[in-house]
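Two chains, two frames, a set of hints: combine them into the complex.
Protein sequence lines correspond, in order, to chains A and B.
Residue numbers for the first sequence follow this note's numbering, so the first one is 38 and each next one is one higher.
Residue numbers for the second sequence follow this note's numbering, so the first one is 2 and each next one is one higher.
Careful, some of the hints might be misleading.
Which chain A residues face chain B? A few, computed with CB under 10 Å, are given here [stated by the list, open to error]:
| no. | residue |
| --- | --- |
| 1 | 52 |
| 2 | 161 |
| 3 | 267 |
| 4 | 498 |
| 5 | 505 |
Source of the hints: derived by calculation from the structure; they are not laboratory data.
Remember, predicted model here, so these are calculated numbers, not experimental data.
All C-beta atoms in this analysis are idealised placements derived from N, C-alpha and C, irrespective of residue type, glycine included.
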Amino acid sequence: MSVEAAGAGAPKRIDLLKVLGPVHVWALGVGIVLVGEFMGWNYGVGKGGAYGALIACWVIGLLYTCVAMIDSEITSTVAAAGGQYAQAKHTIGPLMAFNVGLYLILAYTMLEAGDIQVAGQLIQIGVGVAGGAADSVDWQAFTVLSLAILALLNYRGVFMTLTVNFIITAAAFVSIIILFIGLEPWNPGKVLLHQKLLTDLPYGWLGVIASLHFGIWYYLGIEGTCQAAEEVRSPGRALPLGTMTGMITLLIAAALTWYVACGMLPWEYIGWDATLAPLFDTARISGSAALTIILFVGTLFSAIASANGCINDAARAWFSMGRDRYLPAWFGTVHPRYRTPFRSIIFLIPIAAIFALRIPLAQIITFSILSGLLNYTFMPLNMFKFRNKWPIGSIRRGYVHPFHPVPAIVLLLLCITTFFAVYLGYGRQLLAMTLFYIIASVWFAFYRYKFVRRGDQFSMPWPRPLGY
Amino acid sequence: MDFWTVASYAAWIISAAIFLWMLWDAFKVGQRFDEELLQSSREGVDELLEHGDRVRP
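Pulled out of the complex, with its shape left as it was, chain B reads as follows (with noise of 0.2 Å):
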């Protein structure tokens, strides 16, 4: 095998191992973490003003 097909081989191997990180930490927060938190972000809040540690002019 020359290099090239080597390397296209490696490609599919990290690719695969990449996106079984996702899924695996996706799913470890899905256990660790209240539903209800994980869904509580809200639009239109701003947590720099919220928090005062920054006040826009």
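Looking at chain A on its own, in the form it has when it is part of the complex (with noise of 0.2 Å):
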């Protein structure tokens, strides 16, 4: 018999601590997505030029803000850890959560995976610039290293991970503004050179719609900000506050990140940048070494943050998923000192570090880009099934988003001009993936189901809804 347990005064329940203000939700969203404006997004200039890039950067900027107005409603009023999952759960049902939950569990393990191996090479990299002996460094060492620090941080409270969080984040956001004002806009052809570098679209409007794919890395993950539901101490307020926010801070980071990178390099040499950081190479071209250290650190900043709140939401939505019988309830537990998942944030490790060590980082950000997707294709229906259960009035919402049902429409018809942008790159992996839910679902429906404790599904203290 444990101690703990049988002693006078022990507690009867151990909850995730409510530590976190908008602050650490704006940290959260922001700290996973601002990797894709110093890498990632260039592949998009590679398929549909520079100003294919940027229309993409427009119209997934419009698909995300869709996303992040649907998600501030409802997160605001299903304060949940497992974001999606959990608002799954309540307005479509169990296998639509299920997939719900894997979907997020391999986006934000996958983009872990991605970060964390870009981190253990920009530390080559770094050596390298710096005319240090880049052979003599082993990035995996690196890689291994920053996860075991994001995930020891993360282990031991959620307040602590998320303010670090916040502190790189700004760093790192600060460092693009930094970049911007140093590259003197206000003096055009002095050192930017848009006027000689911008070109027609090279592969016409086809290379547009298929630069839609990696217009996504400018913004992927910042539904993220849902997984903090349980842990903030005022949902209805940090949850719409810290996601919008977000949101606002990408658009300006993602339209600067455009604005220099295009304006220094070359299309050709940007949709191919094999250094994997266009921004770290813009700074580099300046020819200053002021700005080169400082987006050198941006960059390596931008890809930790990222990690870190990729470890956070996987092991929740791991947890959550836990907790209700979608997976062993082992994983369903909080460390009675620090109030974390610890098991699922253990466990999801070897799986992340796996991923990073031996698989190449376009494969791991298609995995995570296309598991996003599903999910943000599930959030139109979810927002229609919600309003429709649950009229405006019915229950206390947050915030409530304006123009329903014009985002959920708009958010649908981009996420299949989407999933056509990347079945023209990524077909068969693409596939691979709807076939690899398919048999997930079927392993849940036909086995999995029988463990899943239906009778505490629902634990929104709301009416019935509307029809039932």
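Structure, rendered in structure tokens:
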């Protein structure tokens, strides 16, 4: 018999700690995403040229604005760890919830693997640029070290984890602004050479559609703010505020990124940048040692912040599914001292490490993007169900998004278009991923569902839905 | 061995130490606490409101 459970005055229940505010929500969302400004978006330039990538930036920006609006409304009401998984459980049903939970776990774990791989390789690149012996740097050692330190941070408490994320994310964002100012945008033609470098669409409008796939990099993961729902002090205020300000931050960062990179580097180079980081390359081309150092630090911080947020989010989704018995209940445990989902954090570490050390970056990120896209496709359906079952006025909402159903319809149309864009470049991966989710759904429906706590599925204190 | 070779070995050792500590701590928690207590968190429960130390408007 355990000592702690038997003792007088022992706690009856251990919950996740409610210690977070809007700043932490911002740090979680922007922290996960901002790495996409430093690298990844540039492959869209290879598909559609510089203007194609700019159109993708705007169109996908619209997609994510719809995501942020819809998420803000539903999450301000469904204040539970697991984010969209918990939403799906309430609005649609167990099979949808299981699939959404898997989308979240795969999207964040794969992104985390990509981030730590990049962090390790950046250290090797940085040593080389500084004139050191890059060959003697084992990037895999630094990849694993990054993962270990971030996992430890997550293990020991959410407040410190997201406070650190706020500091390094803000530093990375400031580095983009410093680069923008350092390149003298008020003096066109002196440093920034848009008039000479910008060309027509090299592959026409089909290239623009293909570049939508990589436009996702500018914003991938902002929906991760929902995973903090059970740990914020005031979900109705903190989640919409953190998510919407995060989205505004990303729209500014994306525009600045495109402007400086496409004004300094030819599109043929940006589109196939082999050294991972076009913003860092932009700083190097500028000839300024200070900008080079600042952007190196900014790029490294962005990768680390993203991995940190992804560990947080993937563990919460896994924990929530364990708590509801969608996965073994052993994962649905909270650390009695640190109040974190400690077993879920530990369990996902080796999976991220294997992918980071063994699988090429482009493939890891494609897994992440596809899972993210499936999640975004679920959101309009979620929104329609939510408003139909609990119309405005029937339950208390922390935020009500305007113009419904326009954002949901726009989001659905943009998701379909982006699926086509992904199919153009990664058709086999898309089909393989779809097959994986179908097999997982069959396993859930015919085997796992019998373990699910059906009576506990509906946890929100709401009235019976309309029509039930 | 140059600095970065030594740093790479140090990174492996520190990583292993951190992972082993987390595993040891998780094992220790499993030994000391009832599984029922560790799995006792509930979705949709607002402990701030429940304990009465803060009431949202």
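Should the interface hint for residue 505/A be scored as holding, given a Cβ-Cβ cut-off of 10 Å against chain B? Since the shortest Cβ distance to chain B is 19 Å, the answer is violated.
Given residue 498/A was flagged as interface, is its beta-carbon under 10 Å from a beta-carbon of chain B? Cβ of residue 498/A sits 7 Å from chain B, so the hint holds.
Interface hint compliance - residue 52/A to chain B, C-beta minimum distance less than 10 Å: 5 Å, holds
Was the hint right that residue 161/A lines chain B, CB cutoff 10 Å? 9 Å, holds
Any CB of chain B closer than 10 Å to the CB of residue 267/A? 7 Å, holds
Going through the hint list in order, the structure does not satisfy hint 5, though it satisfies all others.
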